[in-house]
Each structure stands twice: as structure tokens, then as C-alpha cells.
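Guided by the hints, dock chain B onto chain A, whose structure is given.
There are 2 protein chains.
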Amino acid sequence: MRILHSPMCSFGFVSSLRLLVCLAVLLPCHNVISDEGMYLFNELPTQQLKSRHDFVPSQQWADSLRLSSVRFNSGGSGSFISSDGLVLTNHHVASDTLHKLSTPERNLIEDGFLAKTIGDELQAPDLELNQLVSIDNVTDRINAAVTSKDDPEKAATQRRAIVAEIEQESTEKTGLRSDVVTLYGGAQSHLYRYKKYTDVRLVWAPETAAAFFGGDADNFEYPRFCMDATIMRVYENGKPAKLKNFLRWSDKPVSDGQLVFVSGNPGRTQRIYTVDALKYLRDHRMPYVLNYLRRKEVLLQQFGLGGEEDARRARDGLFGIQNGRKAYTGMLAGLQSPQTIAAKQEQQDKVLASLNAQDATSLRAAFAEIADVQQARAKLLKQSVTFRSRYFDLALSILLLAKEDEKPNQDRLSEFTDAGRDSLLQDLLSTAPIYRDLERVKLADELARFVEARGGDDPLVVQTLAGKGPRERAAELIDGSELDDVDRRKKFVESNAKTLLDSNDPVIQLAAGLEDEYRRIRNRNESLDERQRQAYATITQLTNQAMSGESYPDATFTLRLAFGLVKPYQQDGQTIPIATNFAGAFEHETRHAGQKDFKLPQSWHDAKEKLNDSTQLNFVCTADIIGGNSGSPVVNRQGELVGLIFDGNIQSLTSDYLYSDRQGRAVSVSGVGILEALRNVYDATELADSIGH
Amino acid sequence: MRILHSPMCSFGFVSSLRLLVCLAVLLPCHNVISDEGMYLFNELPTQQLKSRHDFVPSQQWADSLRLSSVRFNSGGSGSFISSDGLVLTNHHVASDTLHKLSTPERNLIEDGFLAKTIGDELQAPDLELNQLVSIDNVTDRINAAVTSKDDPEKAATQRRAIVAEIEQESTEKTGLRSDVVTLYGGAQSHLYRYKKYTDVRLVWAPETAAAFFGGDADNFEYPRFCMDATIMRVYENGKPAKLKNFLRWSDKPVSDGQLVFVSGNPGRTQRIYTVDALKYLRDHRMPYVLNYLRRKEVLLQQFGLGGEEDARRARDGLFGIQNGRKAYTGMLAGLQSPQTIAAKQEQQDKVLASLNAQDATSLRAAFAEIADVQQARAKLLKQSVTFRSRYFDLALSILLLAKEDEKPNQDRLSEFTDAGRDSLLQDLLSTAPIYRDLERVKLADELARFVEARGGDDPLVVQTLAGKGPRERAAELIDGSELDDVDRRKKFVESNAKTLLDSNDPVIQLAAGLEDEYRRIRNRNESLDERQRQAYATITQLTNQAMSGESYPDATFTLRLAFGLVKPYQQDGQTIPIATNFAGAFEHETRHAGQKDFKLPQSWHDAKEKLNDSTQLNFVCTADIIGGNSGSPVVNRQGELVGLIFDGNIQSLTSDYLYSDRQGRAVSVSGVGILEALRNVYDATELADSIGH
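These protein sequence lines are chains A and B, in that order.
Mapping of the first sequence onto UniProt numbering: position 120 corresponds to residue 120, and the numbering continues sequentially without gaps.
Mapping of the second sequence onto UniProt numbering: position 177 corresponds to residue 177, and the numbering continues sequentially without gaps.
No lab work stands behind these hints: they were computed from the structure.
It cannot be assumed that every hint is accurate.
Because identical chains cannot be distinguished in the list, a pair is counted as satisfied if it fits within a single copy or across any two copies.
Keeping only pairs whose Cα atoms sit at most 35 Å apart, straight-line, the calculated DSBU-like set for lysine-lysine is [unchecked claim]:
{"no.": "1", "residue 1": "LYS379", "residue 2": "LYS252"}
{"no.": "2", "residue 1": "LYS382", "residue 2": "LYS279"}
{"no.": "3", "residue 1": "LYS490", "residue 2": "LYS599"}
{"no.": "4", "residue 1": "LYS149", "residue 2": "LYS599"}
{"no.": "5", "residue 1": "LYS100", "residue 2": "LYS326"}
{"no.": "6", "residue 1": "LYS149", "residue 2": "LYS610"}
This is chain A alone, in the form it adopts within the complex:
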């Protein structure tokens, strides 16, 4: 499954979403021969859709689809599916919320959930959903403000200031969430305005046994048989929101060759990374991230051995980690194939060859600059001073918030500007449970990792351990902290920096001890981002000169339109059919009898008589998706929902940097399958009837 908030995105940063947007590298991709592409809603590929698929999207078609699409700020996509606020997404996008709403007595992850009445719907502790209302091009205004191009540090400061100004101005004017998004490697900046929904409630979730049927073994495989769907509802003023834009549902299964569209928020691609940038991923970043993921996988598995409740507590984290590990293993394998790099090299050479001498020199210089930036990044990789622990995240965020609030808005670190304040507080004041036992184990491991990364003699390591081993120190820190208490945390959030520093909370003290180094490294990274942006802007411009046709920027966890065909593919000499059905799920269960995660829930077995088991369950298409697209609606030419993206097959794992529709496929839950399950497995006829209306 593709989930966005993988550690790779948020490694070492306070807020995964915001930094993700800063880091993403952002280039135009020229679509030549396939259904490749994640297009901006303000730059739709009308020529291609017309020439390849004889389809002309009307403005109304596009607007309606955009306004029916939502972004899950926790990392994922979704869609409005009724006039009274219903939202469809994946079970694995919702699982973070399901986990936070679970208790030892109420295991939503294992048992699923159905609200019998509106009053039974469960409020998520910290979800924010975003509906994209408008896009403005603010490139010129930003370019005019960033004058010190030769001084990356100064340029980064100027950029931060003008972005904060534009966002604040827009927020004040419209009341909407306003994010400046950097596109095409810094060549363009667009202002995205979102309507926010922060009262989101759980309506229906199936059992994990149905949603993640086949478990880690089947993950990224196809054929699949997963009911990876969950339904929530957005509220306004304590009542179900009234929606003008929502998706109607098709009552037909998809068919071979059908054109479909995916409207969702792909998290990050690296399609036009240079050869050197890909080599940095291959030789430095990805091995580093994979070591991290395997380490956490083993840690959480060990924690889960303590018993049923321990396993429940570890499960949500473990799921994400295993998912990321499998995805990155595939991505790294692709990069390690010499053909990948050779293909990229050939493409670069081709562009170079088509330019005049002066432009070619400029392009070579930009390539060299990117190479240089990668080397600097490789050195920074192990210096991170942030720990992946909820206590530490909270402490550092609260401390930085107090410090940054002493500055004018435009001088602050990006996540502490006024425009983002509500979203930040939503996270900091979440009522989601924090498990001290699990946190102790996690923080101990993060401290151990810190010692390993910097060496035990590093002064900051010595200071951080305070004379104790990582386990002992972590226990002392967590046991002495009050950050798990929401009321206490609220007081901290409202405190000024001095009061915070005077507090005895040991985790806040820990964060304070690391603050200078955190700022130093972040500053360094943002300077590198700026150099990279400038170099990629040059590369973008010169590549555009050399190539032609409609293009799209690399993914930025903002709304995009992808399209493709429902289409079978060849694997090991066999034709893999486009779709599976419920009967196949039961056969799959029988074939894997006794294996972990291959047991369908009791509800499915009980429903076997009633169920029309020839109903379509999962299907594949060639649309270009990536992590973050999880939960995206799949619609037909009429804009009706036909499916729900939940995965890409193993052959698509390289699509981070290389799209191919030879075998790569996006995998969806079929819309008709969801309705069938609601009506005939989950006894949710009323809910099913309200969908699409």
C-alpha cells in the first residue's frame, strides 16, 4: 500500500507535510508515449486527452472533480461522496485515526466499525481534511522578492519571508488555508487555497482482515482481494456538512480498455532528478532510510511480542514501517539496476546534444551544482538531532513555536507562520492516546541511533545521554515528562519561551539542548534546497527548450489529475486480468490456508450466501500514481466514481523516478465492490443508499 507519511518524507523534521513540500524537487516531465503524468488542475493535458483518448474535459467536469476531492493532512487522499458530508478513503489512510480511537476494550483496527446512527459516529482526534478551492500563480511576485541569488542562505530567507507574506495576506483576506507550492523545480510558485474540515468522524470501517487481506505478503502484489476502504463524514458547526460538490457513483464495474481518471495528492516523485541526484538516492539516502525502517520494524515486532495489548499498540506504526520498507526495497532495487541510471544518462545527453554551446555549458553547470548539493546532503544525513518520538516531536515543536513567535511572521520557520497556526495546533493538542511504555522503547532506540550516528564521544551525544545509557535515559525522560497530558500540553503551548525553559519537563529540556544544532542543520538544508531550486530552475528551462509537449511538475502532495486505461498485463508469461471478484477472495483464502493474514473475517463467511460473489472487488489501471494517492477516487468519463486507489503493484515501485505502463499498474477497490460489501456483508444498507446522493 502506498501511504504518504513514510519516514523518508519526514525524516528528521517536525512536521512531515510541510517539510515534504519544501523538499520535493520539482521538475517538468514531458509526456511522450504513455499515460504518464500527474497534471496540475490549472494545466490539464487537454491535447493528450483529445489525441490519445478522444476526451475533452469540460471546465465544469474538472471543477466538480477538484472540489469533490479532499486531501487528508495525515497523508493521503479521499473524496466527498454524498451531499451530507460522507468521505471515502482507504482503510490504511484511516488506520492512524482508527488506531487513535481504539482502546484495549475497543479494537477498531481488528473489529472494524459501523455507526448505527449519526450520533454513534466517532470524532477523529486530530484529522484535517483540505478541499482545494483555488490556484493562483504567484511566481513573479516571489521571483521579484528573491534578489540575493548568489547567496543561498540569504535567498532562502528572502523566499521564506515572501512566502509567509503571501500566505498571511491570503489567509486574512479569504479565511482559507493558504499554501505557496513550489513547482517545476522553483521555476513556478502557485498559491493553493483550501477549505479546511477539522471535525471529521468515523462512519464505517471494515476489519483489517478484509481491508489488508493477504497482509505484508500480498502488499504491492496483484491480483488482490482487499476491501481497503473506510467512510468518514465531515462536520461543520457540530452537524454533517452540506456539500454542493460530491461524486456520483457508477453502478457498473470497470471494463477492459476503459478510460479512467485519478484525482488525488501524489506525495513526491523524483522523475527529473539528475543522474547525480539518483545516485545520491541509490548510494546514500535510500540505504540509510532502509536501515532505519528495518530497525524500527524489528523494534516494533519485539515490542509486540509482549502480549496482545502490546501488539495492538505497536500495530499502526509497524504497518506503516513494513509498508515503507517493502516500497523502498523495490525502489532501491530499481535504482541499483544499471539500466535505470543509463536511461537517465541517455536522456540528459540527448538534451545536452540538442542545445547550443552556451546553453549546454549552463546545463552542465546546473548538473554539477546538483551533484555538489548531493555530496553536501550525504554528509548531513547522519547529523540529524531530531528523534522520532511523539514526546520529542511535541517538545521541539512547542519550544520552537514559543521562540518563533517572538519574531515577525515573515522571519519564522515555515511551519510557525500565522497562516498555518490552526493546523499546527490541531496536531499539538491532539487527544490521541500516547503510550508511555511504547514511547520509552522508541525514544531509547532513537537515543541509541543518535549515539551510533554521531559516535559516543560527540559532545552533543554526551550532553544528551547525561551519563546514562540510552534505555535508562529514555525511561528517565519519559517518566518525568507531562507532555502526554493534553491540558498540561495546552499550558506549555500557551507559554512563552522563558517559562518553557524554566519548566522542569525533561523532554522540553532535552529539546532545548538540541535546538541550536537543529537550527544549524535545518539552515544548512534550506540553503541546499535553495541552491537546488536554482539549479533545477535552469535545468527545467533548458530541458523545456529541448523537448516539447504538455508537461507536469514532480509530485508535491497537492491535487493532480492522472489518467489511464483499465488494462491487463503480462507477468511470468501469464496475462494478469484487469479485475478480481469476491469469489476470488474466498479462493485466495483457501489457497493460503493457515498462513498469517490470509483469513477473511467472520462477517464475510457469514455473508457468503447473500453475497453476489461475482461482483468486482479490485481492478488495475495504468494511471500514474504514487504514495499520497492512497484513497484517491477513480472516475469515468462522466466523472462518476468507479474505484478507490489503494496500491500500486510491485512493478510500479520504481515510478518514484521512472513511470512505465508495461507492467506497472495502480490498484483500486471497485466502487461496486464497496457497495456490495456495505449492503451484503456489513448490513449498512442505509449508508450504501446515501452514497452518491
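Just chain B, lined up with the frame of chain A:
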């Protein structure tokens, strides 16, 4: 559980055992206040035993214990327990053999085994057992031959030559396996002569559910309830060997405060590593090894998800990996505690303070030399060109064998000298099954690790991948190789280098392409070993001057005597009792109902009526043990077997570099517990009756 053949020992070398012996660093440890110590059988701690425990071992007592002890060359210890060749060891020492003797139809790991008659005993495909017959001090002869002390590379060559000469001479004269063992950091070298047993057969093994009850969760924990025992038999000329020396069994459980002895083969300790050497372990080697272990753990788990047979194939490797991961995690945690390094620093400072100025300068120079060697090792760590794959191991060994055989005996790499030829061939021509599917996955991962370690642009990496990704390349290599065919392998082993190089076997070609680099790195490592030996010899000598009392060298996977008391300890404010019983096992099962690996086998439940459930099952003592001691007999003052070492508790994990009997304990299966199980669970009365006679 403590098993010797962990990846740390054999990382990057052809033969784990031999190189282990070369690498171990080897210093005198001065026993001051506890039952610390792994003493040489030719330097027994008679003063301490007399003064602390009023015990005077007679020569006959010591000789009989030595000759009743055996070393499992696969990594572990054992003992002769009857006049007709019975050998007792741990189930987890035997599990490698159980795995090799298993098939999809005969799962010895899961189901256990009992030979009803002598004829039913199953021959192990490649076991070699060693009985230590004599020890000679050959220090002077070696020192006289190593003349070029200022040139480490030359000195290493000279040492290799004289060692080969001594071993060959001894083998020719006695017919016994003859190994020169370097002790006390190179200050001493002793010639160990072993009688070898290479026809070893399986007599009895319990189910893994009983042997490893509590699984990974309980591993290294105490109280424990494991029947971690297996019985084999040595044969000579196709008949059960007639043994003069074997252990009688005590019919009494052990009691609080009882003095016990452990005779076994501890693999490696690093007790007198300098501060800088410990820091190298902390900041470089252990993090590196742990990343490796976690990587393989995740890989093998993934492989096992494929189904029951896949899980069976992966299980033996997975077990060892998980065991190692848990052990090294504990060891690293200990090193990361600043107190550990501080204690070592204090000890070094104390020695320095007690020396005169000139000696202190020499000692400081030796410390500096060790620090220098560590820095060089850190750089070498990631350059390894050997892959942990059976195919590759075989190919490289066979190739080196052919090449080395062209040289005079004393110029060869140590594992290819004449003295070790039989043991080498025993391994190379093993009939143990090799699973192509699992090997493909393992080799692909090793190739990926190679790319990560050296970077994808490294010329050797480019050459090795031959234009393909790691998975594709691994499949091509394994599919094209005939090394899994024992007859074909025999032909390879008998070929000269030219014939081998002309062969089309792609894995042999792969090894040939890496041979030069392998030799370069090995050469570099052996030079570092030599520099380290010389420095540690100085440190040893000057430390001896400063300290007094009986001492022991660091462990070298050779026979040692440890001693200690059966003694409870305090943990989290509770007294942990010395022993558990069968009733406790059933209670433990109930307490952990539903958890993985906490289900006792059916045989135990069936036997519940017959069983005397108050019989002692496991017990703890303070004896100083380490990985490699697995399977060691525990005997009383009379030399009678009372137990079988199988683990150390979690508090003992730091004993690699720091012994403590405050909470650290060795864990044994009780001798009376084994007899009770044989008689009343496994229906093996005849076998039980023959034990000790």
C-alpha cells in the same frame, strides 16, 4: 540463546571458525572479586578455587572433565555422556543439523526425533566434533620465527608460515587435528591437539516448541522453561564409539549456593579491549553488524511469508539471526552506557599510574597503536567482497583451495594448509540440502548490500552486476551454477585452478572476479591483526606487571573451565529463584495463552499425568560463559553432570567485555530435568538408562 556462529564472528570470511581464532583478541584478565574467568585447562585457577570455594581439583578430575568435553565445529559445545558414544548438546546447537536432515516430509525441527534403535540414528551431513587431547606451549618457537616485527605484513607472513609448519608437523606425527591458538594477545601461543569425530548421528531431539519454549520473546530472559537439549552419538568405523571418558550424571537437582563448573568453548570475549577498541565496537562495528542482522531478519521473515515450506527453509537461518540481533542489541546498549567506557578508562589509568615513566610511555604508545588499528578497521568495514551465500562461499573456497594448493604449505592462507584439509573437505562436500529459491533471495540481497556499501559506480560493483540489477543478476548466477550438486562439486574440488577458471560455472567466475580484492582486504586485515597482536602483547606484559593473581586469556573458541555458584538474584525489586520446574512450564503456557511460541508440544500435555512436575527444569549460576558455551556440561565437585548450559540472561549480555555476577547469570537445563523428560515425556527409557554408563 548463545550460539557461536553469529555473523559477527565470520563476517566476510570463508570459514567462521578459523578466522574467529585469528581475530579474537586475547588478553589476560585479572580476576579480582568474583567468579569471573574462563581458565585454560593447563592454567587452572587453583588458588582461587581453594581460597574462595575450598576446592582442590585433582589432575584426574580435570583430565576426565577435559576429555569428556567436546567442541562442535559448527559452533558450540557438548559432552560425552556414555561409554557407547552418546553426546549431549543443546537443541539450538544441533538445530543446524536438524535443519539439514529435514525435508518437506520430515520436519525434525518442528516434530523432534527419537531413534527407536541404533539403526534408526540419522547421520549428520557435515558435523565435526573435537575432543581436546593435549596442549603444548609453542610460544618460544613462534617468537623465534617472527623476526620482522617492524614490518607487520612480513611478520604476519612469518607467523603464518611457522604456524603452518608446527601444525603440519604435529598432524603428521600424531594424526590428530592440530591447531595453534594465539592467547593473551599474542603473548602466548599453544598447540591444541584434538581427536576428531566426523561420523555423528542424531539420537534424540525434542520439538522446537519444547526446546525454544517462549521463542524470541523469552530468549535471554529468566525464569525460563526450555528443554534445550539434544542427544547425538559419535561413531568410529561405522559403529558407536567406545569411550573411556564420559560424564556420570548426578541424580540430584542443584541447590542454592552449590559450586558448579562449566567446561566448554567460549567463542570470543573482548574483556581487555582498550578504551579505543571498545569505542570502535560501539561506534562502528556493532552498529554495522546490527544493521546487517536486522536486514537479514527482515529478509528471511519475508521469505517465510511465502508459505509453510518457505518458512521451514528460512527458519534455521532466521533463528540464528534473531538470536544474534537480540544479543548484539544488549551488548551495544551496554557499550553505549557512558559508565562502561568510564570504568575501562579508570582501569587503564590505574595501570598507567602504577608504572614507571618509561613503561607508562610504552603503554601509552601501545594504546595509541590500538587506536590507530581501529581507525583502519573502520575504513575496511564496508569494503568486504564476500557474500553470505552458500554458493558464493563454496565457489570462493574451492577457487582459493586450488590456488593455494599451488604454493608450499607454509605460504598458504591458514584454512588451506595440510593440517586442516580434512575439516575443510568435510564442509565443502557436505550433503546438506541447498535451496535454490532461498539462495537466490540471499544472493540478491548480498549483491544489493555490496552496491550500497561501495556505491553503484565502484568498478568492482559494475563488474559484478554485469549490467543487471541485483535480483536479476542473482537469479542468473544461481540458475547457471552447478555448485549445489555434490558430485559436481567434488569434481570442482579436485580440479586445478586453470580447469576451474575455464569452467562455465557463473558463481565460480564471480568469485574469480573478486579474488584479487578479497586477497587485498584479507592481507590488510592480517597486517592489522599483527599490529594489534604486538600492541596487545605489550599491554599484556605491562598490565601483568601492575596487577597480580591468576588470570585467563580472552575466549578463543577453545576449551575453558569456568566456575560459579547456583545463586538467585534481584531484579526489579524481586528475588529471582535459582530454578524452575515442569509445573512452571505449564503455568507459563497458561499465562501466555494465544501468544506465538508459548504453546508446549502435544507430547508434554499427553505426559502431564505421568510427569513428576516438581522436577527441576532450568537453573542459573554465576559461571562466566559466552557464545560458544552453548551445550557445555555443568558439573558438580564430583565431576558429575548436573546441567547443560543453553543461555545467559539479559543482564549477562555485556559479558563480552564486562563480567558481572550482580545480576548476570548463565542458564542451564537441569540434568534431572532431561532424564525426567526422556523417561516420562519422550518414552525414551532405554536411552535414559544408558546415560552416564
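Going through the hints against the structure:
1. LYS379 x LYS252: neither (54 Å within a copy, 62 Å between copies)
2. LYS382 x LYS279: both (18 Å within a copy, 18 Å between copies)
3. LYS490 x LYS599: neither (44 Å within a copy, 47 Å between copies)
4. LYS149 x LYS599: Neither: 59 Å inside a chain and 67 Å across chains, both beyond 35 Å.
5. LYS100 x LYS326: So LYS100 and LYS326 pass the 35 Å test inside a copy (24 Å) and across (30 Å) alike.
6. LYS149 x LYS610: Neither way: LYS149 and LYS610 sit 67 Å apart in one copy and 86 Å across, limit 35 Å.
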